[in-house]
Structures are given as structure tokens and as C-alpha cells.
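Chains as they are written, first to last, in the working numbering: chain A, 214 to 324; chain B, 7 to 116.
Keep in mind that the hints were calculated from the coordinates and are not lab data.
Accuracy of the hints is not assured; some may be wrong.
The list that follows gives simulated cross-link-like pairs (lysine-lysine, DSBU-like), each with its CA atoms no further than 35 Å apart [as the list claims (entries may be wrong)]:
id, chain 1, residue 1, chain 2, residue 2
1, B, 21, A, 311
2, B, 71, A, 232
3, B, 21, A, 284
4, A, 249, B, 79
5, B, 21, B, 71
6, B, 21, A, 249
Taking CB as the label site, the calculated pair distances span [unchecked claim]:
id, chain 1, residue 1, chain 2, residue 2, range
7, A, 253, B, 32, 14 to 24 Å
8, A, 243, B, 45, 46 to 56 Å
9, B, 32, A, 240, 30 to 40 Å
10, B, 60, A, 216, 30 to 40 Å
11, A, 229, B, 21, 44 to 54 Å
12, A, 221, B, 11, 30 to 40 Å
13, B, 15, A, 231, 30 to 40 Å
14, A, 240, B, 73, 28 to 38 Å
Glycine included, every Cβ here is placed at the ideal spot set by N, Cα and C.
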Amino acid sequence: DTAVSQTPKYLVTQMGNDKSIKCEQNLGHDTMYWYKQDSKKFLKIMFSYNNKELIINETVPNRFSPKSPDKAHLNLHINSLELGDSAVYFCASSQSGKSQYFGPGTRLTVL
Amino acid sequence: AQRVTQPEKLLSVFKGAPVELKCNYSYSGSPELFWYVQYSRQRLQLLLRHISRESIKGFTADLNKGETSFHLKKPFAQEEDSAMYYCALGPSGSARQLTFGSGTQLTVLP
Chain A
214 DTAVSQTPKY
224 LVTQMGNDKS
234 IKCEQNLGHD
244 TMYWYKQDSK
254 KFLKIMFSYN
264 NKELIINETV
274 PNRFSPKSPD
284 KAHLNLHINS
294 LELGDSAVYF
304 CASSQSGKSQ
314 YFGPGTRLTV
324 L
Chain B
7 AQRVTQPEKL
17 LSVFKGAPVE
27 LKCNYSYSGS
37 PELFWYVQYS
47 RQRLQLLLRH
57 ISRESIKGFT
67 ADLNKGETSF
77 HLKKPFAQEE
87 DSAMYYCALG
97 PSGSARQLTF
107 GSGTQLTVLP
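From just these sequences and the hints, can you work out the full model?
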């Protein structure tokens, strides 16, 4: 009965590689988000999609590209990974501006 | 611009003592405030939303528009309250663009 799920939970990769993180929500929500939590636990919004359309695109490198195939999924693709991309990435969802529900996080380590 | 300030990065209290986690905000419109909690290596969970005026796990928070604050309080802290707490701000009626504070790591000592 997981509400917001992400895969993988852990991702270790070399610099320069391309990787994807998947997110799915089964809550029927219309809005999904990606957040980055850095090593100091600071949490920052990266993207938000409402009904498959991008509504928030904060200042992130264009190596990061979100893809929303349908309302229940929002995937994050990262090209040419850099050391500074190491962080925990959280997916979240909400319905019509109500409270956000978070996924378990994906811990990305770039070597 | 909207901004959330949590002045304490770390806070330690003894079990049974009262605890207050501070949150101040800056926003020109009508805000909606939230508290989220993240237990060790787990996902963020919504703890409180100011419009619902609930008490969850013994925690309460009151929006003070005059002082632009939304401090989180609990009269008797428990060891299981040890976690990272985030205050968040969004435009009224919309949680689509939440701005999070930098978080306060609460440790409740036995």
C-alpha cells in the first residue's frame, strides 16, 4: 500500500555516467515534485509537474531532465553525473495544492 | 520572495522536558505553514498543517502573523521524537511551491 515509491533506493555510479531515478504515486494526485537534500540536510525543490505539465523548474543544471509519462509517474534523468550531484533525491506528490507526500528517497553517490 | 528561517540547526533536550523548535517566515501574501518530520534515514512525513490546527504526537504549532512565526512545541519530549524537523511555507490554498527551512535536528536525551 506504498503511496509514493522510488527506485532505486541506493545508486552508486561513476562521474560522467547517465542515470535515472523513477517515482510512482498511487494516490491519484495531480502534482508531483523532485527535491534534492544535500549533505547538510538542506531540502530544495527542483521540479514540479501538474497533470504532466512542468510548473516549477528551479535553477538546476540542464543535465537534469524530468519526464512525466503520466500523472502517476515522474522520473528524473541525470546526464554526465558530477561529484556535486551526490545527495538524497526525494519525490513527492500532492492533490490540488494540498499537503505533499514524500517518497523514501534515493541516495545517489557519485564516485 | 518567500523565506523560511529555522535558527537552530541542532537542539538537544532531556526526556520529559518541554521543547520548542523555532520557525520564522517571510512572505508578502497569505501564507500556509507546515511542519514536516524526517526520522533517521526515512522519508519526510507531514506532521502539522496550520490550517488544520491539530495536535499530532503531542506537537502543536500556532501561526503568529504579527511575529511571522510558526514555532513547534511539545510539553514533554520523548526519545522517539528525535528527528529532523522542517518548517515549510506555501501560498495560501496551495502547497505546490513549498519553501523549506534548513531544518532543526532534535535529539531527546534519556
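A quick look at each hint next to the structure:
no.: 1; hint: B/21 to A/311; verdict: holds, 33 Å
no.: 2; hint: B/71 to A/232; verdict: violated, 44 Å
no.: 3; hint: B/21 to A/284; verdict: violated, 44 Å
no.: 4; hint: A/249 to B/79; verdict: holds, 27 Å
no.: 5; hint: B/21 to B/71; verdict: holds, 31 Å
no.: 6; hint: B/21 to A/249; verdict: holds, 32 Å
no.: 7; hint: A/253 to B/32: 14 to 24 Å; verdict: holds, 21 Å
no.: 8; hint: A/243 to B/45: 46 to 56 Å; verdict: violated, 28 Å
no.: 9; hint: B/32 to A/240: 30 to 40 Å; verdict: holds, 31 Å
no.: 10; hint: B/60 to A/216: 30 to 40 Å; verdict: violated, 19 Å
no.: 11; hint: A/229 to B/21: 44 to 54 Å; verdict: holds, 49 Å
no.: 12; hint: A/221 to B/11: 30 to 40 Å; verdict: holds, 34 Å
no.: 13; hint: B/15 to A/231: 30 to 40 Å; verdict: holds, 35 Å
no.: 14; hint: A/240 to B/73: 28 to 38 Å; verdict: holds, 35 Å
Hints 2, 3, 8 and 10 from the list above are not met by this structure, while the remaining hints are.
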